[in-house]
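Okay, here's what each chain looks like letter by letter:
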Amino acid sequence: MNEVLARVPIDPSTMAETPAALDASPESDPDRLRWFPKGTHITIRGLTKTFDDVVLYKDFDLDIPKGKVVSVFGPNGCGKSTLINMISGILEFDSGQILFDGKTARETRIGYVFQNYREAVFPWSRAIDNIRYPLQFLGLSKAERDARVEELLTSFDVKIDLNRYPYELSGGQQQLVSIMRALVVDPEVLFLDEPFSALDYEMTLFLRDRLQKVLTEREVTTLLVSHDLDEAVTLADEILLLTKKPTQVAERLQFNASRPRTPETTLTDEFIAVKSRSLEIFQREVRK
Amino acid sequence: MSAGLGKNRIVKRLQPLIGAAVLVFLWWLASEGRLVDPVLLPTPGESWHAFVSGLTEGTLWNDFWRTIVRTTVSFAIAIIVAVPIGVFLGSSETVYRSVEFSVDFFRSTPASALFPLFLVIFGVGEEAKIAVAAFGAALIIVFNTAYGVMNARKQRQLAAKVMGAPRVRILTDVTIWESLPQTFVGMRSGISIALVIVIVAEMFIGSTDGLGQRIINAQMIFDMPEMYASIFAAGALGYGLNLLFIILERRFVHWGGK
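If you read the sequences in order, they're chains A and B.
Here the working numbering is used: position 123 in the first sequence is 123, and no number is missing along the way.
Counting from 1 along the second sequence, just add 288 to a position and that's the residue number in the working numbering.
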């Protein structure tokens, strides 16, 4: 029993708080004694994943806080995308358990934005039908579905003609469609896999701005993979730094600057401090 | 300036016809200049006359129509049978691997080699011709559809999965769409093959009408203008079907490769 408890890492920032017990009723459930910090949304326990004999994750534990943006950053090949793919349920893992407030990924409303928007949107459907697509699986009435779309379009203040097909839109506009498709279901968790890396800077700033607005309004638990440290820090409430494989958590840094964060945020002392610390840890891990 | 542009456009439009015009001219030269035995090569004028009078007064139109009907019926059967099978085979790699050899083998077998077999099974009537053409077309459609489904890029399927789509919906909303460009490739080759088989079947397995029968009859009585006219009709039919498919493809797979 002690062994189980010992394996669960306690986030230093919340260590002062009383850990909340997972309220599982069956006495036979071995997980009922596991602990996680208050305000946790996603619990990852004993995650193990190997690719062709290469151990990528071994007994990996992690707690992800509710309603926060967590940026995942780490050395090349440490499995950042693999991690969010496993959490989001699109990639199988060998063993371990991932739960969202006790639910599985399949039982959770998930939004996922892929890096490669060209191969993520459905080119045979008009942009607006792409955005509507996931709503049909929520069991809403037509009026509710229309209201959801309408609300989202208003908060994004979209200027493009959504009756066009994706291939008639620019790359940034396609990614915008992709982001709206992820958000229209009002996701409990949003996954962003390098969503801006293929876009120009102007479009990136625009999309970041809209995305932040919606995420702050709705307090969506968000996991962002980014290879751009500036971006990772700018958008994050917490930066999750990973080690080389077999991957473990190297460090978790908090970044509490007020929102909305703009390019000016990157000029503040707080930002520079967090970024320097992240870089330091990153370089330490790369050299290991 | 604009007149010049207009002229350019007309020249561009007519460009594809230049080759045809040269060909007809060479044909005319060869037949008028007696470079080839006139019994074997009538003049373009005689052949054209046979074509027009065959359509207006004779039975060419009827034969043309019979061939179209046989080709489309066999092609329709092929699609109805082959597309679902292709989707089924393609959606499971294990299943596909286990039948790949058989499909590939029959696809490589000349359909004409199967005529006798189909005659034994279906008799000398209409059914044998349609069945063998449908069989030939179906194999190539199965192969291409399965290939399209199997090689559908995974990311959109994952996107649908993460949005909560059940497996059947991933198949119908994403995978089948994703495979559609490849399925169309199969259908386009399928209809050409169906036409080839129908024409050959009309020639050799007891037919009283159809372009194939018309061509072989004209050959037997050495009515060369008639034969050239029928060959031209068969060519026009093949070309027309291909064109029809290009239009359908543009309409239904407008997003292909984008």
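Honestly, the hints are just simulated from the structure, not real lab data.
The C-beta atom is built at its ideal place from N, Cα and C for all residues, glycine as well.
A hint or two may mislead.
Within a straight-line C-alpha distance of at most 16 Å, the following computed EDC-like cross-link-like pairs (lysine to aspartate or glutamate) qualify [stated by the list, open to error]:
#, chain 1, residue 1, chain 2, residue 2
1, B, K442, A, E92
2, A, K66, A, E92
3, A, K66, A, E202
4, B, K442, A, E217
5, B, K442, B, E381
6, A, K245, A, D53
So the derived list for chain B, only partly shown, Cβ under 7 Å to chain A, looks like this [claimed, not checked]:
#, residue
7, R297
8, I367
9, F376
10, R441
11, A447
Some chain B residues well away from chain A (every beta-carbon gap over 12 Å; in silico) [unchecked claim]:
#, residue
12, G307
13, T331
14, G333
15, V361
16, F406
17, Q443
18, L446
19, V450
20, V462
21, V488
22, D511
23, P513
24, N530
25, H542
26, W543
27, G544
Status of the hints after comparison with the structure:
{"no.": "1", "hint": "B:K442 to A:E92", "verdict": "holds, 14 Å"}
{"no.": "2", "hint": "A:K66 to A:E92", "verdict": "violated, 23 Å"}
{"no.": "3", "hint": "A:K66 to A:E202", "verdict": "violated, 30 Å"}
{"no.": "4", "hint": "B:K442 to A:E217", "verdict": "violated, 33 Å"}
{"no.": "5", "hint": "B:K442 to B:E381", "verdict": "holds, 14 Å"}
{"no.": "6", "hint": "A:K245 to A:D53", "verdict": "holds, 12 Å"}
{"no.": "7", "hint": "R297", "verdict": "violated, 26 Å"}
{"no.": "8", "hint": "I367", "verdict": "violated, 19 Å"}
{"no.": "9", "hint": "F376", "verdict": "violated, 21 Å"}
{"no.": "10", "hint": "R441", "verdict": "holds, 6 Å"}
{"no.": "11", "hint": "A447", "verdict": "holds, 5 Å"}
{"no.": "12", "hint": "G307", "verdict": "holds, 34 Å"}
{"no.": "13", "hint": "T331", "verdict": "holds, 51 Å"}
{"no.": "14", "hint": "G333", "verdict": "holds, 49 Å"}
{"no.": "15", "hint": "V361", "verdict": "holds, 29 Å"}
{"no.": "16", "hint": "F406", "verdict": "holds, 38 Å"}
{"no.": "17", "hint": "Q443", "verdict": "violated, 4 Å"}
{"no.": "18", "hint": "L446", "verdict": "violated, 5 Å"}
{"no.": "19", "hint": "V450", "verdict": "violated, 4 Å"}
{"no.": "20", "hint": "V462", "verdict": "violated, 7 Å"}
{"no.": "21", "hint": "V488", "verdict": "holds, 37 Å"}
{"no.": "22", "hint": "D511", "verdict": "holds, 51 Å"}
{"no.": "23", "hint": "P513", "verdict": "holds, 49 Å"}
{"no.": "24", "hint": "N530", "verdict": "holds, 24 Å"}
{"no.": "25", "hint": "H542", "verdict": "violated, 8 Å"}
{"no.": "26", "hint": "W543", "verdict": "violated, 4 Å"}
{"no.": "27", "hint": "G544", "verdict": "violated, 8 Å"}
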